[in-house]
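Student: Residue strings, one per chain:
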Amino acid sequence: MHGSRVIPVLVLLAAIVPVAWFTDYHLFQLTMVVVYAIAILGLSLLTGFNGQISLGHGAFYAIGAYTTAILMTTWEVPYWATLPVSAMVCALVGFLLGLPALRLGGLYLALTTFALAVAIPQILKYKLFEDWTGGVQGLVIDKPDAPFGLPLSPDQWLYLFTLAVAVVLYVIAWNIVRGRIGRAMMAIRDHAMAAEAMGINLAMVKTRTFALSAMYTGLAGSLGAIAVQFVAPDSFGVFVSIYLFVGLVVGGVSSIGGTLIGAAFIEFVPNIADKVSKAAPGAVYGVILIAVMFLIPGGVGGLLHGLWRRVAKGR
Amino acid sequence: MLQGVIHQVMSGIATGGIYASVALALVMIYQATHHVNFAQGEMATFSTYIALTFINLGFPYWVAFAIAVVISFGIGLAIERTLMRPLANAPVLASVGVFVGLLLIINSLSGWFFDYTIKQFPSPFPDHPMLGGYLSGHELGSTAVTLIVLVLVYLFFRHTRLGLAMRAAAFNPTSARLVGVRVGWMLALGWGLAAAIGAVAGCMVAPVVFLDPNMMSGILLYAFAGALLGGIDNPLGAVLGGFAVGVIENLGGAYLVGTELKLTLALVIIVAVLTVRPTGLMGRKVYSRV
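So the protein sequences, as listed, match chains A and B. Our numbering puts the first residue of the first sequence at 1, with every later residue one more than the last. Our numbering puts the first residue of the second sequence at 1001, with every later residue one more than the last.
Rather than coming from a laboratory, the hints here were simulated on the basis of the structure. All the pointers check out, no bait thrown in.
Within a straight-line C-alpha distance of at most 35 Å, the following computed DSBU-like cross-link-like pairs (lysine-lysine) qualify: (1) B:K1119 - A:K125; (2) A:K275 - B:K1119; (3) A:K127 - B:K1262; (4) B:K1119 - B:K1262; (5) A:K278 - A:K125; (6) A:K125 - B:K1262; (7) A:K127 - A:K143; (8) B:K1119 - A:K278; (9) B:K1119 - A:K127; (10) A:K143 - A:K278.
Here are some of the chain A residues that sit facing chain B, going by a computed Cβ distance under 7 Å: (11) I53; (12) P100; (13) R103; (14) V118; (15) Y285; (16) L289; (17) I290; (18) M293.
In this text, a Cβ means the ideal position worked out from N, Cα and C, and glycines have one as well.
Taking the hints into account, I'd like the entire structure generated from these sequences.
Tutor: This is how it looks when you write it as structure tokens:
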């Protein structure tokens, strides 16, 4: 079997093992790693493969989370049925935001999405939507039990459920990136004008990539909301967007496997750094972000990929 | 009604002055290096903490203010020389990454050194209404300080040799180097000046919004909006844009959207400018050769 097929299978097997052994809390943490990985994968499709820099993906994460929370509390929709709705809502919002983004080159898009990230908590608190969003207090969600009488705790079930969704999303992303659309996305990233001259419809590819990316990150938000059982405006501040960006860069902007590394990084590093001081996580993120930019621009994923290729060649 | 409008416009101009200064700082760095400094707000917050530290040590207000401005100048200079220099020709993603890293680091340092509690910051200006009750003493004073800074910056760039050299370095680095301008140092000076202007803006806004490590994040957004509205490559435009955004924000907050959606208003201005007129009202169109 080819190496690039072996590794994902091994990772997946390694991901299922903890279900039997880990405590509920550690499973919750792993669930969040998977959630962040999906969110970062969405960002990677946009930034890494299409070259559109977003510092505001926390907004899509929040929209996905709120869509699920509102559907579950107001209309009592079962948690799994909220995912398709959330995907559609986020893809639509992403598409609409992608339209002005078409006119914005790299830096301006980063700036605009940054503004979106700063503004989103305020929009969530807005009193006109308070009946649905719960205003400043937010919404509380019940944790789903395992279905069909499976002998699993809610945390075990939720972890497996999240993992299953993630596998589907990763396979789709993998195929998109390796297919015709993926090549068009990367051509635009590398040289927009040349891509256009070769017959790629810039506007169409860019807006659809934006929608796809928003859908992924929004789905991550939905799964995250179910896992955390709570959404509130202040948990979706600008720092969510910045952390997703940090995870993306650390993992490697255009590395699909790297998104897992980036996700593990943003889930576990704050827990470790928090023990030093409250300010430490931000400082550690910042220092590592700058270090990665200077030393390994391809991120950890890019580094490992390079090593793997060298090993494969030497064989 | 009319009095209310006048009042809102006047205090809009007062806060607009703050946005104008931060927008000017952004434009100075953008003009020289084509980078947008996402950490500008956090740098200004850090400078404000420096000023507060010296005030608490017993220094008179204006001395502490001057010390903070000078130290900020040094910090800006140092950041350019160490972090930004190697990025001169790096792709946009790398520069955005480094600026975001800088934002995180400075924000954490503010919280670490000066802790996260919200602090009061003194105002050097009298505490009673002025101009027939339309403006508070602090609003009038901070507007005056902002205007003085803007005029000084203008005079510096128009009428000193150093200012001329800095403009040359930003406008055409290659030719400037050929006539003996030390381009690298000019860019570093620009960063220092931007940091110093940010320090002034931070000290002027802190008495109004109170001081905490995230004080400037909203203000940075308005400054972005102002800079884009006026044209991000035109200092005068950015300053006018900053004032305009202050007035729009105040009028919009009072009569249109309410105070709860003020930040969203900044977002709307940014998106509107970038889609309708990407060069801003006074910016130059940029043509690029293939």
